[in-house]
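S.K.: One letter stands for each residue in the lines below.
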Amino acid sequence: MEKPAMKLIDLKKTIGKNEIIKGLNFEIKSGEVFGFIGPNGAGKTTTIRMMVGLIKMSGGDVQILGKSIKNDYKEAIKEVGAIVENPEMYPFMTGMQNLIHFARMLPNVSKERIQEVISLVGLEKAIKEKVGKYSLGMRQRLGIAQALLHNPSVLILDEPTNGLDPAGIGEIRYYIRRLAEEQNVAVIISSHLLSEIELMCDRIGIIKNGELITIQNVHDAADTEQDSHQIQMEVTPAEKAMELLSTEYEIEAVLKSDLISFQSQREEIPNIIQTFVRNDISIYQVEVSRATLEEKFFDLIGENVIE
Amino acid sequence: MSNLVNLIRNEINKIYIQKSTWIMYILLAVIIAGYGMLTSFFGDVREDYSQDSWRAELQEENEELTKEMEEEELLEDFNMGLIEQNNYYLENDIQPAGYDAWQFVMEMNIMLSIVSLLTIIIAAGIVANEFRWGTIKLLLIRPISRSKILLSKYLAVLLFALITLLFVVVFSWVIGAVFFGVQGLNPQIVMDKVGGLEYVSVIHEIITNYGYKLVNLVMMATFAFMISSIFRNSALAIGTAVFLMMAGNSIVSFFSEYAWAKYILFANTDLSQYANDAPWVDGMTLPFSIMVLLVYFVVFLAASWGIFTKRDIAGQ
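Chains as they are written, first to last, in this note's numbering: chain A, 51 to 357; chain B, 19 to 334.
Just so you know, these hints were derived from the structure itself, not from any lab.
Certain hints may be false.
Pairs of lysine to aspartate or glutamate, DMTMM-like flavour, derived with a Cα cap of 20 Å [stated by the list, open to error]:
{"hint": "1", "chain 1": "A", "residue 1": "K57", "chain 2": "A", "residue 2": "E261"}
{"hint": "2", "chain 1": "A", "residue 1": "K72", "chain 2": "B", "residue 2": "D330"}
{"hint": "3", "chain 1": "A", "residue 1": "K62", "chain 2": "A", "residue 2": "D122"}
{"hint": "4", "chain 1": "B", "residue 1": "K37", "chain 2": "A", "residue 2": "E337"}
{"hint": "5", "chain 1": "A", "residue 1": "K117", "chain 2": "A", "residue 2": "E82"}
{"hint": "6", "chain 1": "A", "residue 1": "K62", "chain 2": "B", "residue 2": "D330"}
{"hint": "7", "chain 1": "A", "residue 1": "K120", "chain 2": "B", "residue 2": "D330"}
{"hint": "8", "chain 1": "A", "residue 1": "K117", "chain 2": "A", "residue 2": "E129"}
{"hint": "9", "chain 1": "B", "residue 1": "K328", "chain 2": "A", "residue 2": "D111"}
{"hint": "10", "chain 1": "A", "residue 1": "K124", "chain 2": "B", "residue 2": "D330"}
{"hint": "11", "chain 1": "B", "residue 1": "K166", "chain 2": "A", "residue 2": "D122"}
{"hint": "12", "chain 1": "A", "residue 1": "K79", "chain 2": "A", "residue 2": "D111"}
{"hint": "13", "chain 1": "A", "residue 1": "K106", "chain 2": "B", "residue 2": "D330"}
{"hint": "14", "chain 1": "B", "residue 1": "K166", "chain 2": "A", "residue 2": "E125"}
{"hint": "15", "chain 1": "A", "residue 1": "K306", "chain 2": "A", "residue 2": "E337"}
{"hint": "16", "chain 1": "A", "residue 1": "K290", "chain 2": "A", "residue 2": "D308"}
{"hint": "17", "chain 1": "B", "residue 1": "K211", "chain 2": "B", "residue 2": "D288"}
{"hint": "18", "chain 1": "A", "residue 1": "K53", "chain 2": "A", "residue 2": "E129"}
{"hint": "19", "chain 1": "A", "residue 1": "K67", "chain 2": "B", "residue 2": "D330"}
{"hint": "20", "chain 1": "A", "residue 1": "K161", "chain 2": "A", "residue 2": "E179"}
{"hint": "21", "chain 1": "A", "residue 1": "K57", "chain 2": "A", "residue 2": "E138"}
{"hint": "22", "chain 1": "A", "residue 1": "K106", "chain 2": "A", "residue 2": "E82"}
{"hint": "23", "chain 1": "B", "residue 1": "K328", "chain 2": "A", "residue 2": "D122"}
{"hint": "24", "chain 1": "A", "residue 1": "K57", "chain 2": "A", "residue 2": "E77"}
Between the sequences and the hints, there should be enough to build the whole structure, so can you do that?
M.R.: In C-alpha cells form, the structure reads like this:
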C-alpha cells in the first residue's frame, strides 16, 4: 500500500501548562491539496512549525512518506518544501542569489532545476532584481520557487494568500493545482479565510483551539448535501405569505426589507410557490442559495477561544 | 564536508554582498592611507641611511634629539629611548634600516582594534539578523543539523576576521611601500625589549604583535556571537561586546586587589604581559591564562550551541 505523503499521529504541543495542540491525527495523500483552516490562534502555525521541525513536538509524531520528523529529521525533511508564515528572503540579494543560497543547502539541485522553478512560478523577468524591491505577490512566488527546488513530495504553505489581491490568489491557486495534478505533490495550505483557499483544495481540515473538528471533502460538500437551503422571496403581501408558510409548512420566515427569507429543502420550493400562487400572492423573485462551506465553517467554529 | 563548505560560502556571501561591509573596508582603507600620509608628511621618519655616512647621520640625529629634549622636557623619555637605540647601532656597528613598508605594517597593528570592532559587528549580526529578516525559518528546515548551521556561521565570522586582517596587512604594506619604500625582504631593527635593546626582525615583530591582539579579537567575537545566538539581538551583542572590549582593562584594575581578579577574562586576554613586564595580577602564568581563556571560550560556544540547537523557532 502506498504510504501517505504526510501523516500526523497524535501530534501535541504543550507550553507550560497549556496544551496548545491537543493530539492531531490526519493523513494527506500524494497529489492532494489539503486546506488547513482555523481562526487566528487556533494552532495552525504551531502545527506547521512542528511539521517542519522548527518547534519541538511535546507528543506524537509527524511522518513524511513514513519517515519520522522526530527521529529521522534529515531524511524526512528532504521530502518537504515549505514557506512558514511570510515568504521572507534576503532583501539585499536578488531573487536568483536567494535561490542559489537555498539550493546550496540541499542535495543535488542543478542550475537547470533552478531555472525550471523560476519559470514554473513565472519570475524570469524579476529574478535578477533585489528581493527588497519585490511586491508581496512576487515574494510569495519566489517563496514557492524556493520550496520546490528539491522536488519535494510534500509542499507546506502557511497562509500563502495572506495580503494578496484576488489576482494574486488566483495565480497561487493555479500553481498549486498544477503541482498537485502534474507532479503529484501533496500540498498543505493553511489559512484563516476559507473563501480564499476553498477553490484550490480537495479536502479541508478545520482546527479550533488545537483540535481538529472535522475534515470535509470540498467537491461533494455542496452537492450531496440534503441540508436546508436559504431561500429568499420578494412577495406581496408578505404578511400573508409568512402566515401560509407557518401554517402549511411549519416554517418560520423572517421579513427583511421586502424580502421574506427562510430555510427549506430544495424539493419543497415548487410546492411553496404553488401554494403562494393559489392564494393570490404575487411573486417577483425567488433566490435560493446553498449553505456554503463558509457558513458551515462558521457554524463549526463558533467563537474561537483560547483556553 | 562539502556540505559545510557550501554553508560557509553562503555565510561569507551574505556578509560581502551587503554594502555595509564594503563601507567598513573603505573606512579601514581611508584610515590606513590617512595614517600613512600623515606619517610621511609630518612624521619624523628617516627612510634611509647612506652606506658610507650612516654613523655621522646617527650622531647628527642624536644631537638634534638632545637639543629638542632640552627645550621640551616632556619629550625626555621618548627621545632618550631613540638616542639609546641609535647608540646601539653605533656600538654594534650595524647600519640601521630606514623606516619602510614593513615597519609601517608593524605600527598598523593598532588597526586590530578596528578589525576587532568590525568582527564583533559581523558576529553580532550573523545569527540575530536571520531572526530579524525571518530567514531563520528557511535555514532551519533543511536536511542539515542546526549545529552544522551554527558552526558554519561561527567559522564564517573567523574567516571574515582573517580576511579583514589580511586586508589590513596587505593594504598597510602597499601604502607603506608607496610612501616609504621597501628595505629588503626581512629588515631588522633595534627595539626596546624586556631584556633591554635587541636587534630583531621586523616580520617577527609583526607576527607577534598581531598574534597577541588576535586573542582578544577571537574572544570578543565569540562573546558577541554568543549574545547574538542567545538573545537574537545584534544591537545588544554589539553593545555589550564593545563595552567590555573598551572597559576590560578598567574592570581588571578595579578588582585587581582581589584574588579572583585573575579569573576575569580581560586579565588574561593580553598574553604579551608574559613576554614583556610582570603579569597584571600576581601568581598568573602563561599556562594559567591559556587555561582561563579556553574555559571562557568553551563556555561561550557551549552556551551558543545549547540554546540555538534547542530553541523553538516561534513567531516574532
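S.K.: Please go over all the hints and tell whether each is borne out by the structure.
M.R.: To see whether the hints hold, each was checked on the structure:
no., hint, in the structure
1, A:K57 <-> A:E261, "holds, 16 Å"
2, A:K72 <-> B:D330, "holds, 18 Å"
3, A:K62 <-> A:D122, "holds, 18 Å"
4, B:K37 <-> A:E337, "violated, 62 Å"
5, A:K117 <-> A:E82, "holds, 19 Å"
6, A:K62 <-> B:D330, "holds, 14 Å"
7, A:K120 <-> B:D330, "holds, 14 Å"
8, A:K117 <-> A:E129, "holds, 10 Å"
9, B:K328 <-> A:D111, "holds, 18 Å"
10, A:K124 <-> B:D330, "holds, 17 Å"
11, B:K166 <-> A:D122, "holds, 16 Å"
12, A:K79 <-> A:D111, "holds, 17 Å"
13, A:K106 <-> B:D330, "holds, 6 Å"
14, B:K166 <-> A:E125, "holds, 16 Å"
15, A:K306 <-> A:E337, "holds, 14 Å"
16, A:K290 <-> A:D308, "holds, 13 Å"
17, B:K211 <-> B:D288, "holds, 17 Å"
18, A:K53 <-> A:E129, "holds, 13 Å"
19, A:K67 <-> B:D330, "holds, 17 Å"
20, A:K161 <-> A:E179, "holds, 18 Å"
21, A:K57 <-> A:E138, "violated, 27 Å"
22, A:K106 <-> A:E82, "violated, 26 Å"
23, B:K328 <-> A:D122, "holds, 16 Å"
24, A:K57 <-> A:E77, "holds, 4 Å"
This entry does not satisfy hints 4, 21 and 22, going by the numbered hints stated previously.
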